[in-house]
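*Asks:* Mind docking chain B on chain A? Use the hints.
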Amino acid sequence: MKTNDVILQTTTKVVFFIIFLFSIHIFFAGHYTPGGGFVGGLLTTGAIVLLLLAFDLKTVQKALPFNFTIMTAIGLLLALGTAAGAIFFNVPFFTHAFDYFTLPLFGETSLHTAIIFDAGVFLVVVGSAITIIQSIGGDS
Amino acid sequence: MINLPLLPIILPFLFAILLLFFKENVRIQRALSLVGVIISLIASFFLLVTVKSEGVLAVTLGSWPAPFGISMVSDMFSALLVTTTLLITLFVVVYSFTAIGEEREKFFYYPAILFMVTGVNGAFTTGDIFNMFVFFEVLLIASYLLIVLGGEKKQLRESIKYILVNVVSSALFVITVAYLYSVVGTLNMADISVKIAEIGQPGIITVIAVLMLIVFGVKGAIFPLYFWLPGSYSAPPVPVLALFGALLTKVGVYAIMRTYTLFFVHNVGVTHEILMVVSILTVIVGCIGALAYFDLKQIIIYNIVIAVGVILFGAAQMNEAGISGAIFYLVHDMLIKGALFLLIGIIIYVTGTSNLRKMGGLMKTHAPLGWFYLIAAFGLAGIPPLSGFIGKMLITQGAFQTGNVLGSIIILASSLIVLLSVIRIFIYAFWGEPVELPKTKRKPYARMMLPTIVLVVLSVLYGVGTEWLIPYVTDATDVLLQPSIYIDAVLKE
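Chains A and B, in that order, are what the protein sequence lines are.
Numbers 34 to 173, taken from this note's numbering, label the letters of the first sequence in order.
Numbers 59 to 551, taken from this note's numbering, label the letters of the second sequence in order.
These are calculated hints, taken from the structure and not from any lab test.
Even for Gly, the Cβ is constructed at its ideal location relative to N, Cα and C.
Be aware that one or more of the hints could be misleading.
Stated by the list, open to error - Here are the simulated distance ranges between beta carbons:
id : chain 1 : residue 1 : chain 2 : residue 2 : range
1  : A       : HIS145    : B       : ILE332    : 41 to 51 Å
2  : B       : ARG215    : A       : GLY79     : 31 to 41 Å
3  : A       : VAL47     : B       : PHE79     : 29 to 39 Å
4  : B       : SER240    : A       : LEU54     : 37 to 47 Å
5  : B       : GLU161    : A       : PHE139    : 45 to 55 Å
6  : A       : ILE165    : B       : ASP353    : 33 to 43 Å
7  : A       : ALA96     : B       : LYS164    : 24 to 34 Å
8  : A       : VAL82     : B       : GLU195    : 19 to 29 Å
9  : A       : ILE165    : B       : LEU474    : 22 to 32 Å
10 : B       : ILE272    : A       : GLY79     : 30 to 40 Å
11 : B       : GLU160    : A       : PHE121    : 36 to 46 Å
What the hints assert, rightly or not - Restricting the straight-line Cα-Cα distance to at most 27 Å, the calculated cross-link-like pairs of lysine-lysine (DSSO-like) are:
id : chain 1 : residue 1 : chain 2 : residue 2
12 : B       : LYS81     : A       : LYS91
13 : B       : LYS164    : A       : LYS91
14 : B       : LYS219    : A       : LYS95
15 : B       : LYS164    : A       : LYS95
Chain A with its partners taken away, still in its complex shape:
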């Protein structure tokens, strides 16, 4: 049966980007306020799931031609690498570094290595969640 889901598809095209941008906002907000890589990743996953609901698996795979397993691996590597960087400075594992920089446009900004770790978490969450959904959804 072919359903008429023009409204869903049209809305999704707009809403997807709103959710995605919001997830990026949450991701960066996580530094001092509630949020972070995990929640951001879940939001992005939510956006992609919405795409999957509105369209179908093949269309989404064409639109987002990533290998999500590799994405998980890259995320893990980023997270582990950031945490393990401490080993080379002979400080306890997971010790982070941060400093204040004056960047053009942003002004004085605090840059923290935790953001790289969080980016890793983000990628792991998106990668593994989508892998699970794709492999369950792709079965039939």
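*Replies:* Frame of chain A; chain B shown alone:
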């Protein structure tokens, strides 16, 4: 190198991640996992030597002060177990090259092993009770993959049981930790020990002690919580079974030994009495199981249950001989169970069945297999000078010192039954009239024999070289019997 205790955890993790990039390339999978395990093993030997010379190493993650951050603690006990774990993994990985089959190798088999080793080593090393839960989850999730990988009907059936049991026990673990936290207000294991000593272990702590015994007892397969083990462990292929049998139950045993020597030491009359009774029952039930089956896998699996009972019986004595015996026996059991599972894997490969009644006369065609099996069997039963002897001797010595004569006699009698159960395999499989064997190639057989023989030889050396190992085990015993050493190392400054 203040991060040294973390290396045996991080390195397998790193290599597991790298392997995810090369899913289809079996050659790279094999090479990278071999390299990863060897490097981790070198790091763990280095750790062992450092712990020997410098005492307990502790590092608190993220440079937080000790009771607030997550501490990782390597004392001699955990360093010994970490090294043994990586040693077993090395042999199982080499064995898997021929035994596991390309289909599984292409589906994250080696990453799963390395992730599991990450979890096992993490659980051995962590000094934070909640972090221990996290590492338990890491190793369990990897083991879920390993047990279901291949998707045979039996595997699917047993993995549902396995996952259900473990999910329930993990939930109970979190509840118990929350319970403990609400009483002592800390999660750092050294700090918990201090706080419990301050309040002098009231009844509620004893309740938590029993809850912990239940939680870890499910993972470590003590009576009556071992019910899931014989079924679940017989489902996956032999290399996975060897890893599970050698490592996973031992994590539960380690956790019981750690908590029962570090936390719950002020009401030994109740907690350790329960532990002792349960461990004796575990031995008895294991013995019945080991004699009841004609299936190779089941016989050795029930021997895991017996060993768990013996180790915990030693730990329950809370004196020097008992604890050091338990440590000796724990390491011995990891080595010998690994070796035995690899050996029966070869027997199953050669005969094409795991039913003892359908075998016979292998001695005529596969003599080396028979002799090495016999050595491993004698080692398991504890015939001097092989590896099981010293541990069992110390355990019974400790039990006689505390006056648990009946328990010691049961442990000693269980050795005879262990011997009988494994010799039965020898008699049925190697003696008698040769039965017609399915056609198998000699080359995979030789390739599987190589790691197995080395592992058996190592276990023999472990028995013969007891004299050199005594200083290490003494160090491990001291830390367990005097929690202050552990506490001072973590809460220094």
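*Asks:* Given the hint of 31 to 41 Å, check if ARG215/B and GLY79/A actually sit that far apart at their C-beta atoms.
*Replies:* holds, 34 Å
*Asks:* Given the hint of 36 to 46 Å, is the C-beta distance from GLU160/B to PHE121/A inside that range or not?
*Replies:* holds, 38 Å
*Asks:* Take the C-beta atom of SER240/B and the C-beta atom of LEU54/A, compute their distance, and say whether it sits inside 37 to 47 Å.
*Replies:* holds, 41 Å
*Asks:* Is it true that the CA of LYS219/B sits at most 27 Å from the CA of LYS95/A?
*Replies:* violated, 38 Å
*Asks:* With 30 to 40 Å as the target window, see if ILE272/B and GLY79/A comply at their CB atoms.
*Replies:* This hint holds: roughly 38 Å between Cβ atoms.
*Asks:* Please check whether VAL82/A and GLU195/B have a Cβ separation lying inside 19 to 29 Å.
*Replies:* holds, 25 Å
*Asks:* Would the pair LYS164/B and LYS95/A pass a check requiring their Cα atoms to be no farther apart than 27 Å?
*Replies:* holds, 25 Å
*Asks:* Holds or violated: LYS164/B and LYS91/A, Cα atoms, limit 27 Å.
*Replies:* Satisfied, since the Cα-Cα distance of roughly 24 Å is no more than 27 Å.
*Asks:* Can you let me know if the beta-carbon spacing of VAL47/A and PHE79/B is within 29 to 39 Å?
*Replies:* holds, 36 Å
*Asks:* 45 to 55 Å was suggested as the range; check whether the CB atoms of GLU161/B and PHE139/A agree with it.
*Replies:* holds, 52 Å
*Asks:* What's the verdict on LYS81/B and LYS91/A, does the C-alpha distance respect the 27 Å limit or exceed it?
*Replies:* holds, 22 Å
*Asks:* Range first: 33 to 43 Å. Now tell me if the beta carbons of ILE165/A and ASP353/B are that far apart.
*Replies:* Because 36 Å falls inside the window, the suggested range holds.
Of the numbered hints stated above, those contradicted by the structure are hints 9 and 14, listed in ascending order.
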